[in-house]
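Number of protein chains: 2
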Amino acid sequence: MDLGRMSLNSMTVKGVGLADLIRLSKDRDIPAIAPWRDLIADVGLSHAARMIRSSGLRVSSLCRGGMFTHEANGDGQRSMQDNRRAVDEAYEIGAECLVLVCGPVTHRSPRGSLDIIRDAVGELSEYALRAGVRLAIEPLHPMLAANRSALCTVRQATDILASIDSPVTGICIDVYHVWWDPEAIEAIPDLADAIFGFHVSDWTLPINGELESRGMMGDGCIDLRGWADAVYGAGYGGFAEVEVLSAHWWSMPPEVVVDTAVERFLAI
Amino acid sequence: MDLGRMSLNSMTVKGVGLADLIRLSKDRDIPAIAPWRDLIADVGLSHAARMIRSSGLRVSSLCRGGMFTHEANGDGQRSMQDNRRAVDEAYEIGAECLVLVCGPVTHRSPRGSLDIIRDAVGELSEYALRAGVRLAIEPLHPMLAANRSALCTVRQATDILASIDSPVTGICIDVYHVWWDPEAIEAIPDLADAIFGFHVSDWTLPINGELESRGMMGDGCIDLRGWADAVYGAGYGGFAEVEVLSAHWWSMPPEVVVDTAVERFLAI
Numbered sequence: 666m667d668l669g670r671m672s673l674n675s676m677t678v679k680g681v682g683l684a685d686l687i688r689l690s691k692d693r694d695i696p697a698i699a700p701w702r703d704l705i706a707d708v709g710l711s712h713a714a715r716m717i718r719s720s721g722l723r724v725s726s727l728c729r730g731g732m733f734t735h736e737a738n739g740d741g742q743r744s745m746q747d748n749r750r751a752v753d754e755a756y757e758i759g760a761e762c763l764v765l766v767c768g769p770v771t772h773r774s775p776r777g778s779l780d781i782i783r784d785a786v787g788e789l790s791e792y793a794l795r796a797g798v799r800l801a802i803e804p805l806h807p808m809l810a811a812n813r814s815a816l817c818t819v820r821q822a823t824d825i826l827a828s829i830d831s832p833v834t835g836i837c838i839d840v841y842h843v844w845w846d847p848e849a850i851e852a853i854p855d856l857a858d859a860i861f862g863f864h865v866s867d868w869t870l871p872i873n874g875e876l877e878s879r880g881m882m883g884d885g886c887i888d889l890r891g892w893a894d895a896v897y898g899a900g901y902g903g904f905a906e907v908e909v910l911s912a913h914w915w916s917m918p919p920e921v922v923v924d925t926a927v928e929r930f931l932a933i
Numbered sequence: 666m667d668l669g670r671m672s673l674n675s676m677t678v679k680g681v682g683l684a685d686l687i688r689l690s691k692d693r694d695i696p697a698i699a700p701w702r703d704l705i706a707d708v709g710l711s712h713a714a715r716m717i718r719s720s721g722l723r724v725s726s727l728c729r730g731g732m733f734t735h736e737a738n739g740d741g742q743r744s745m746q747d748n749r750r751a752v753d754e755a756y757e758i759g760a761e762c763l764v765l766v767c768g769p770v771t772h773r774s775p776r777g778s779l780d781i782i783r784d785a786v787g788e789l790s791e792y793a794l795r796a797g798v799r800l801a802i803e804p805l806h807p808m809l810a811a812n813r814s815a816l817c818t819v820r821q822a823t824d825i826l827a828s829i830d831s832p833v834t835g836i837c838i839d840v841y842h843v844w845w846d847p848e849a850i851e852a853i854p855d856l857a858d859a860i861f862g863f864h865v866s867d868w869t870l871p872i873n874g875e876l877e878s879r880g881m882m883g884d885g886c887i888d889l890r891g892w893a894d895a896v897y898g899a900g901y902g903g904f905a906e907v908e909v910l911s912a913h914w915w916s917m918p919p920e921v922v923v924d925t926a927v928e929r930f931l932a933i
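If you read the sequences in order, they're chains A and B.
Reminder that position 178 of the first sequence reads as 843 in this note's numbering, one-by-one numbering, no gaps.
Reminder that position 99 of the second sequence reads as 764 in this note's numbering, one-by-one numbering, no gaps.
If you are wondering where the hints come from, they were derived from the structure by calculation, not from laboratory data.
It cannot be assumed that every hint is accurate.
To give a feel for the contact side, a few chain A residues facing chain B, derived at Cβ under 7 Å [to be verified]:
#1 Val708
#2 Pro807
#3 Ala810
#4 Ala811
#5 Leu870
#6 Gly874
#7 Asp888
Computed beta-carbon distance windows for the label pairs [unchecked claim]:
#8 Glu848(B) x Asp894(A): 27 to 35 Å
#9 Asp894(A) x Glu920(B): 35 to 43 Å
#10 Arg776(A) x Tyr756(B): 37 to 45 Å
#11 Asp685(B) x Asp784(A): 34 to 42 Å
Covered stretches of chain B, going by a simulated chain A footprint (3 or more residues, C-beta under 8 Å) [claimed, not checked]:
#12 678 to 688
#13 699 to 705
#14 827 to 839
#15 864 to 874
#16 884 to 895
Predicted, not measured: the structure shown is a model, and the values here were computed from it.
Yeah, the Cβ is synthetic: ideal placement off N, Cα and C, and Gly gets one too.
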């Protein structure tokens, strides 16, 4: 992989602020960043937008909106307001998309939860179209169905995209979440222009904490080269975000983590 | 759920031997057990068979054969020999099926691994047919794809069953592994006679150890009543095995664990 395709997701260096995320990237000629919203909130939206513009870095995505299934718990109004704010933030910082983590299974019903998600993404898509912001729904690993995302497979995502049929709504492919599913990589050639984001890390064991056990590229069992070939071969022209949520790597100095990420990225 | 449908899987009381598994079940009028093979090996096959016959308990399954993808690592001969032994053991103890955990993703290829599994299950099915033993392939949670089972969904299992088309080969539905997938429960009505086993526990968080973080029925988010209705409504007439692999419950006295399991089973 060419360094020109790399983006540094802020969760890889959890705890680092926007200024340091920019510095860590620029120092290594990484051309793009992907901040989570807390980094933007910490410095304020307009200041964050100025910092990013003056850095010359691209923003591969803003992480994240979503959590639509809170609606089923009577929280719908607040959830949609916050998602509209996230769209506005993505616009202000020039993000190429807003990543949506769609919310956990609610009412013990995976199918019912997907229906809620489909309707909510459809509603948000109309707002995003007016704002000129792209939305990327992200299937998460089934290990996270109970607390993060009832949307777990590429097939479920493409079903929702087909139902919504909006030019601003596509999919974010994170290999950590979908590597196990042969249908996922087989679906990539047909997705083509609907791929709005591509995230890389690796699958390692044991799982100690379902949200913080990811591996650095090359340390696990995912066919990263095969995935990169598939995604870029399908015509995706965007960045590959390095998003390694890992208690192990969070315990290391950010410089070491990013140096390692660059080395492993180039080796894919 | 009626106690007449309950079976106690030995992994719920890990560390307990066959004699105690029998005693724990009989003392509570649980009509069936499901021993893992280590319990049989510890007392010897013929002695184990006599103990079980004289107990009057049914054996809902023997756990487990499988691990076929070791074949891809040059280990095929030994793997198939051991699986034939497992079939023989299932016959000797009168198990209603031999559960197959089919083996992890090998060569970084989920699809290639499923192909290996399909061929191996087909080969073992011929041996099982001659032995008069039923095989139950079990889709495992995608969290276990790297170390236990490339077979992760009910759909993948039904594809394999359709390809093999053997009267002695069916599926084991463990709700812990497939609860997140709306297609899984939707497929149950069409499975009918192909369901050879039904396992219950619950999905709880956090995951601390991907093999030992299950919850007791009622402590998690799985629609256990819905699953029981679906499986028994489809015509399944067998036992529901309580299989709770849990570091938490393993730290408790076996009597407390089984008392709790009975109480929660009846409450489904």
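Verification of the supplied hints:
1. At a threshold of 7 Å, the smallest CB-CB gap from Val708(A) to chain B is about 31 Å, leaving the interface hint violated.
2. With 7 Å as the threshold, the beta carbon of Pro807(A) comes within range of chain B, its nearest partner Cβ sitting at about 4 Å, so the hint holds.
3. For Ala810(A), the interface hint holds, the least distance from its beta-carbon to any beta-carbon of chain B being 4 Å, beneath 7 Å.
4. Among the interface hints, the one on Ala811(A) holds; its C-beta lies about 5 Å from the nearest C-beta in chain B, closer than the 7 Å criterion.
5. Restraint check, Leu870(A) versus chain B: the minimum CB separation of about 6 Å is within 7 Å; hint holds.
6. About 6 Å separates the beta-carbon of Gly874(A) from the nearest beta-carbon of chain B, less than 7 Å, and the hint is met.
7. Because the beta carbon of Asp888(A) sits about 4 Å from the nearest beta carbon in chain B, less than 7 Å, this interface hint is met.
8. For the hinted restraint 27 to 35 Å between Glu848(B) and Asp894(A), the CB-CB distance of approximately 28 Å keeps it satisfied.
9. A C-beta distance of roughly 56 Å is found between Asp894(A) and Glu920(B), which places it outside the suggested range of 35 to 43 Å.
10. For Arg776(A) paired with Tyr756(B), a C-beta distance near 40 Å keeps the hint of 37 to 45 Å intact.
11. At roughly 52 Å, the beta carbons of Asp685(B) and Asp784(A) sit outside the given window of 34 to 42 Å.
12. Requiring three or more residues with a Cβ within less than 8 Å of a Cβ of chain A, the coverage given for the segment 678 to 688 of chain B is violated, as only 0 such residues are present.
13. Judged by the Cβ-Cβ criterion of 8 Å, the segment 699 to 705 of chain B is not covered by chain A as claimed, because only 0 of its residues qualify and three are needed.
14. Remark: the segment 827 to 839 of chain B is not confirmed as covered by chain A, as 0 of its residues place a Cβ nearer than 8 Å to a Cβ of that chain, below the required three.
15. Counting residues of the segment 864 to 874 of chain B whose CB lies closer than 8 Å to any CB of chain A gives 6, so the stated coverage by that chain holds, three being the minimum.
16. With a threshold of 8 Å between beta carbons, the proposed coverage of the segment 884 to 895 of chain B by chain A holds, since 5 of its residues qualify and at least three are required.
Checked against the numbered hints given earlier, this structure breaks hints 1, 9, 11, 12, 13 and 14; the rest are met.
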